[in-house]
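Chains as they are written, first to last, in the working numbering: chain E, 1 to 260; chain W, 1 to 440.
Since the hints were made in silico from the structure, they are not lab data. Note that CB positions come from ideal geometry on N, CA and C, so glycine has one too. You may find that some hints are simply not true.
Stated by the list, open to error - Per label pair, the in silico range of CB-to-CB distance:
{"no.": "1", "chain 1": "W", "residue 1": "Tyr428", "chain 2": "E", "residue 2": "Pro76", "range": "23 to 31 angstroms"}
{"no.": "2", "chain 1": "W", "residue 1": "Glu314", "chain 2": "E", "residue 2": "Glu14", "range": "53 to 61 angstroms"}
{"no.": "3", "chain 1": "E", "residue 1": "Glu14", "chain 2": "W", "residue 2": "Ala220", "range": "17 to 25 angstroms"}
{"no.": "4", "chain 1": "W", "residue 1": "Lys431", "chain 2": "E", "residue 2": "Leu237", "range": "53 to 61 angstroms"}
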Amino acid sequence: GIGFAATGGTAVAEIQFADYVYPAFDQIVNEAAKYRYRSGNEFNCGGLTIRMPGMAVGHGGHYHSQSPEAYFTHTPGLRVVIPRSPIQAKGLLLASIASPDPVIFIEPKILYRAAVEHVPNDYYELPLGQAEVVKKGADLTIVGWGSQIYVLEDAIRLAENRLDCTIELIDLRSLLPWDVETVEQSVRKTGRLLISHEAPKTSGFASEISATITERCFLSLEAPVQRITGLDTPFPLVFEKFYVPGVERCFLGIKKALEF
Amino acid sequence: MAARVLRHSKCARRLIHPNKSNFAAPALQIQRHQHADQNEMNETLAQFPGAKAKYTEKLEFLQPDVYNGIPIYRVMDRNGVIFDQTQDPGLSDEELLKWYKSMTMLNTMDKILYESQRQGRISFYMTNYGEEATHIGSAAALQPKDLVYGQYREAGVLMHRGFTLDEFMNQCYGNHEDGGKGKQMPVHYGCRDLSFVTISSPLATQMPQAAGSAYAFKRAQNGLVVICYFGEGAASEGDAHAAFNFAATLECPIIFFCRNNGYAISTPVQDQYRGDGIAVRGPAYGMSTIRVDGNDALAVYNATAAARDIAVKENRPVLIEAMTYRIGHHSTSDDSSAYRSVDEVRYWNQRDHPITRFYNYIQRKGIWSEEQDKAWKDDTRKQVLQAFARAEKRLKPAWSEMFTEVYDELPEDLKRQKEEMEAHVKMYKDKYPLSNYESS
Numbered sequence: 001g002i003g004f005a006a007t008g009g010t011a012v013a014e015i016q017f018a019d020y021v022y023p024a025f026d027q028i029v030n031e032a033a034k035y036r037y038r039s040g041n042e043f044n045c046g047g048l049t050i051r052m053p054g055m056a057v058g059h060g061g062h063y064h065s066q067s068p069e070a071y072f073t074h075t076p077g078l079r080v081v082i083p084r085s086p087i088q089a090k091g092l093l094l095a096s097i098a099s100p101d102p103v104i105f106i107e108p109k110i111l112y113r114a115a116v117e118h119v120p121n122d123y124y125e126l127p128l129g130q131a132e133v134v135k136k137g138a139d140l141t142i143v144g145w146g147s148q149i150y151v152l153e154d155a156i157r158l159a160e161n162r163l164d165c166t167i168e169l170i171d172l173r174s175l176l177p178w179d180v181e182t183v184e185q186s187v188r189k190t191g192r193l194l195i196s197h198e199a200p201k202t203s204g205f206a207s208e209i210s211a212t213i214t215e216r217c218f219l220s221l222e223a224p225v226q227r228i229t230g231l232d233t234p235f236p237l238v239f240e241k242f243y244v245p246g247v248e249r250c251f252l253g254i255k256k257a258l259e260f
Numbered sequence: 001m002a003a004r005v006l007r008h009s010k011c012a013r014r015l016i017h018p019n020k021s022n023f024a025a026p027a028l029q030i031q032r033h034q035h036a037d038q039n040e041m042n043e044t045l046a047q048f049p050g051a052k053a054k055y056t057e058k059l060e061f062l063q064p065d066v067y068n069g070i071p072i073y074r075v076m077d078r079n080g081v082i083f084d085q086t087q088d089p090g091l092s093d094e095e096l097l098k099w100y101k102s103m104t105m106l107n108t109m110d111k112i113l114y115e116s117q118r119q120g121r122i123s124f125y126m127t128n129y130g131e132e133a134t135h136i137g138s139a140a141a142l143q144p145k146d147l148v149y150g151q152y153r154e155a156g157v158l159m160h161r162g163f164t165l166d167e168f169m170n171q172c173y174g175n176h177e178d179g180g181k182g183k184q185m186p187v188h189y190g191c192r193d194l195s196f197v198t199i200s201s202p203l204a205t206q207m208p209q210a211a212g213s214a215y216a217f218k219r220a221q222n223g224l225v226v227i228c229y230f231g232e233g234a235a236s237e238g239d240a241h242a243a244f245n246f247a248a249t250l251e252c253p254i255i256f257f258c259r260n261n262g263y264a265i266s267t268p269v270q271d272q273y274r275g276d277g278i279a280v281r282g283p284a285y286g287m288s289t290i291r292v293d294g295n296d297a298l299a300v301y302n303a304t305a306a307a308r309d310i311a312v313k314e315n316r317p318v319l320i321e322a323m324t325y326r327i328g329h330h331s332t333s334d335d336s337s338a339y340r341s342v343d344e345v346r347y348w349n350q351r352d353h354p355i356t357r358f359y360n361y362i363q364r365k366g367i368w369s370e371e372q373d374k375a376w377k378d379d380t381r382k383q384v385l386q387a388f389a390r391a392e393k394r395l396k397p398a399w400s401e402m403f404t405e406v407y408d409e410l411p412e413d414l415k416r417q418k419e420e421m422e423a424h425v426k427m428y429k430d431k432y433p434l435s436n437y438e439s440s
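Pulled out of the complex, with its shape left as it was, chain E reads as follows (with noise of 0.2 angstroms):
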């Protein structure tokens, strides 16, 4: 896939599951990632863009489950792109393929027989280093991707029934680069700010949100930064319903930050 983009060629590799993109894990952080910094810019991969199912599909143990988007984030050079629907999905994927960088594409498998939109036949980019937000409101951001979005979606459901607030939601959509301006904005109006992804906590991606917000967002924020996530454990078969950050866990989350 490198050496074929280093010809000018396009290439789209597929790793069968992301638990397996590990062997491939030197020719990506030590080759492709660097290889148009190295080169002066000679050489370049741009055209190689690699795909993996990832996420929890609910029966899929240690191997079948991972997120390992962190690993790919603390690679300078390389893109990480998680589209949370089929339409997000085909105009990430197609702006990922045309990116002149390399690009990591995770794609929650559970959703592959679980979503169903309407996509549109043509062909369409949807924008690289964009968040979006999904839902708007007042009192508190949360920032989630991928499959994610719907247990947080549910969360946010069950928190502004039960608890008196408006709640807005971003699909971080890349991340990295990341878009730190949308996020940044949105914290500095509600001043609270949580975070949520299966992958386990310890250097998971929501820390470098959580640094990165804390810094430049200090005195807007009224509470720490929630960070809900997988445990710091392998992801376990059938202790899954416990592991995963589902909706309960989100829910007290969100009233954690709201109340403090």
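Given the structure of chain E, go ahead and fit chain W onto it with the hints provided.
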């Protein structure tokens, strides 16, 4: 939210009837309908998809030494005398002298740059001592646009293609004229115009990439090949296996050129493999393979030219294992006397040096003399030292270059980091060696 997400996704479940097999009828049923003769044949020739081979009733292992050393192709002896005149490629005097001048210029440049590292003038260097023929012989057999993927000890290929002394030095110094913009360590050369992909430090990573590029060339039908250089140590990496297998199964026009120089840093070949070197692996992947005397420039040339022919005409990979000896240390970070005898090194340097052999050959041909040689060697030294002095004086690129080309376009957050850095450097300008860098 436009997407409608089903709460409980239903997977199709296939019911398996307990008394019926879900698999296709076994091949045996089909065979009953075949002709009697074929029936008999089928009893000795297996039908497994994995291997079309005969059966045997003898319990016998294929021993690892079955090849007993794949023979080493050579054209001339150590005195430059050709064994079989039909193997002389019959090149022009001009071409042969170009080869000699490339090898010797490389050797002189190596000596001076190695010394310069020892003097603290450049940070790192790797010499090519003893392997000059593997570079020049193979480079001469390729076309200028054939894409080269190297490991790190192929500077002669670049030199033969026309990379200038200034360009080599600029990269080693990482100054503002360096094509790589000072981002990598010395000897990590790259040149798009000369079709030489930028070197990277991780071992063997270039190998699957080379196969990918060759696949692209095949699809483009551009009549070009890819050559991929690697050492016998890198051949132990997983990426080497992946490269060989993909090149073979995707049927790519690629030459895999292994420089077997006896050592992978301090690991001698005895600890590197138990089989017959790298060449024996070629047929295992379905590749035509040849082992060649890497210190014989003419043999390297012939083998590479023939390999190129196969690769480009038949769209399949070819493996060349060039046997040679690494006369120098692995790099300036290595002192090889720690793991090999000085006598061994001296032997190769004095008794089987590729430059000496080629010198003998051209001298015998009457196209080069001792006087010419001395004059030329002095000239190379002068040229190298002058280029060196020029490179040393040039400033490093502006430090703001550090932020360029991470992506095609500078992303917002990196722009912010750059601005923060600008303010910082302005405030602490006397703490940073700004005079060594071009101004931003």
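Determine which of the earlier numbered hints do not hold for this structure and return their numbers in increasing order.
Violated hint: only 2; rest satisfied.
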